[in-house]
Amino acid sequence: MERLSLAELTRINAVARTDAHHAPQAVLYSDIQWGGSMSGTFTKSMARNIFYGGTVFFALLFLALTFDTMKEVPKRDNRANLTEAVINGKKLWEVNNCIGCHTLLGEGAYFAPELGNVYPRRGPEFIKAWIQSQPTGAPGRRQMPNFGFTDKELDDLVEFLKYSSEINTANWPPNIEG
Amino acid sequence: MQYKSQAVAKPYFIAAIALFTGQILFGLIMGLQYVVGDFLFPYIPFNIARMVHTNLLIVWLLFGFMGAAYYMIPEETETELFSPKLAIAMFWIFLVAGALTIVGYLALPYAKLAELTGNDLLATMGREFLEQPLITKVGIVIVALAFLFNLTMTMLKGRKTAISLVLMLGLWGLAIFFLFSFYNPHNLVLDKFYWWWVVHLWVEGVWELILGALLAFVLIKVTGVDREVIEKWLYVIITLTLITGIIGTGHHYFWIGTPEYWQWWGSIFSALEPIPFFAMTVFAFNMVNRRRRDHPNKAATLWALGTGVMSFLGAGVWGFLHTLAPVNYFTHGTQITAAHGHMAFYGAYAMVVLCIISYAMPILRGRAANSNKAQVLEMWSFWLMTVSMVFITLFLTAAGILQVWLQRFSDTPISFMAAQDQISLFYWMREWAGVVFLIGLVIYITSFFIKGETKAAA
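Chains as they are written, first to last, in the working numbering: chain W, 219 to 396; chain Y, 896 to 1353.
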């Protein structure tokens, strides 16, 4: 902050009294705003420097944690079972916008059941039969479209759901209902 | 209007409001599908309606941010926009691309749309909020780059204020983090991990810089408080935002296969995330209380105060409610999340865009502020939309608490659909609150067509 001479301050105050809208009283007004002795010491450029310093520090910390996460996830993410079928199943999951109704590991839409643990909950045969029998057409009930999957596609989707259910999610969800 | 080229903001604002209306209509469709499950099935299945609802939200906010930037940057830098023509060209490209994408969602099965638009070249579709076809995503990047080029060139030749710097930082961050939407690994854990680099680092990171800059700009204009003071506040707020929000990303890394230390990092840092929102509320009220002029645009001031309060409630308080890992263990992926999402997006982003529109639109139409009659109507719409959003949030919170209890916490948990049946009363109430929101929105739009005595723009 610039240091002002007493003469200048007097002049600024005189202008301020006559023309409140155009007075160059930036310094004085910010003193009033922040109050007390803090105003003189905490300037905009200090706030800016803390912003840049703080942001860079926490961005680097985040990158360090990311780096460590990338080292740790192979123990948890079930990558050993990422087969061709699972990869194709994930693509089918995506291009039919399943996430638009369901959650997967708790993320997605909240209109239809969690599917991260549907494999242990229902088993492969039930899942396939369920998908094939949609829509139920029951009046007033939520409807799932029929996606016309082939048998192989159904198998791939089930493989993807099996793979998902074997990711180590720190015991989430709390119970089998998802 | 101080600079002629600011006029390019006008079509952006109009498009934003039009798309906002579409978002609300699809919200009402989905809300009804929650209780009348087969409503509009098979013509508009829920997943399609939701995609339209959330994508329209993102796109109208982007239109709002762009319009705001085109309005603010010339005034802040005290120079005409580098290329108004480029800004208008980008407007039409973005609007047409956005409209075609929505038409594609509604007219084609999603898998067909994926096939036709090159998803086999690079699979990016079918992930929440990033459902856009590859060509739309590429289009977004092109529009964003042209937009940033235009504004950066403007800034280089003009005055560099803190507000414009923070705004540009936020907008550059928005474009850069969007690039992670092109990364979709087969590994589900990595997919989810980096998906949040778009979603979280947008809404709890760089978008808050944009929010802060828009709010600061409007507050300078309507209160006449000195720029030095406002910009110091702005820096303090965005510092708090990023030092809590970056590591706060960890609150999404509790249950997706990531290491368990994230439960500590995520809980602690995201528990601090309400602080910048609280600071924003204090900031807005403080500046308005210490105002040195009474700006004739009362409605814009109301939106500025409103966005402070509602972002604190929606993002801050409702975020904190379920952010601690032991709580989130039970609430993750329930209606609690939906409740938070609604009030946070409305309070932080919808309201700040409506705030800058409220301030800038009368000036773009050649007057300092709208007539008293028009402003009264606009303020009615403010209260109707805001109060109904509070009720939407409360009803979804009630639904969420019951859902958690019935499905996850009880000794005899019941299935998802059985729990949904039990809480349908709250979904009905949410839908009615949504109808009130729509009424508020209709009144909002009507307020633009109310004539009356106005003062000429300064």
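Careful, some of the hints might be misleading.
Unchecked claim - With a straight-line Cα cutoff of 30 Å, these simulated BS3-like cross-link-like pairs (lysine-lysine) come out:
(1) Y/K1007 / Y/K905
(2) W/K346 / Y/K1007
(3) Y/K1116 / Y/K899
(4) Y/K1346 / Y/K905
(5) Y/K1007 / W/K380
(6) Y/K905 / Y/K1052
(7) Y/K1193 / Y/K1007
(8) W/K289 / W/K370
(9) W/K370 / Y/K1007
Please keep in mind that the hints were generated in silico from the structure rather than gathered at the bench.
Here's how the hints hold up against the structure:
With a C-alpha separation of about 36 Å, the suggested pair Y/K1007 and Y/K905 falls outside the 30 Å cut-off, and the hint is violated. For the hint linking W/K346 to Y/K1007, the alpha-carbon distance of about 22 Å falls within 30 Å, and the restraint holds. Taking the CA atoms of Y/K1116 and Y/K899, the gap is near 18 Å; set against the 30 Å cutoff, the hint holds. Only pairs whose Cα atoms come within 30 Å are accepted, and Y/K1346 paired with Y/K905 is accepted, the gap being roughly 19 Å.
This hinted pair checks out: Y/K1007 and W/K380 have alpha carbons roughly 26 Å apart, not beyond 30 Å. A threshold of 30 Å between alpha carbons decides the hint, and for Y/K905 with Y/K1052 the separation of about 23 Å falls inside it, so the pair holds. For the hint linking Y/K1193 to Y/K1007, the alpha-carbon distance of about 49 Å lies beyond 30 Å, and the restraint is violated. For the hint pairing W/K289 with W/K370, the CA-to-CA distance comes to about 34 Å; that exceeds 30 Å, so the pair is violated.
Among the hinted pairs, W/K370 with Y/K1007 is consistent with the structure: their alpha-carbon atoms are about 19 Å apart, no more than 30 Å.
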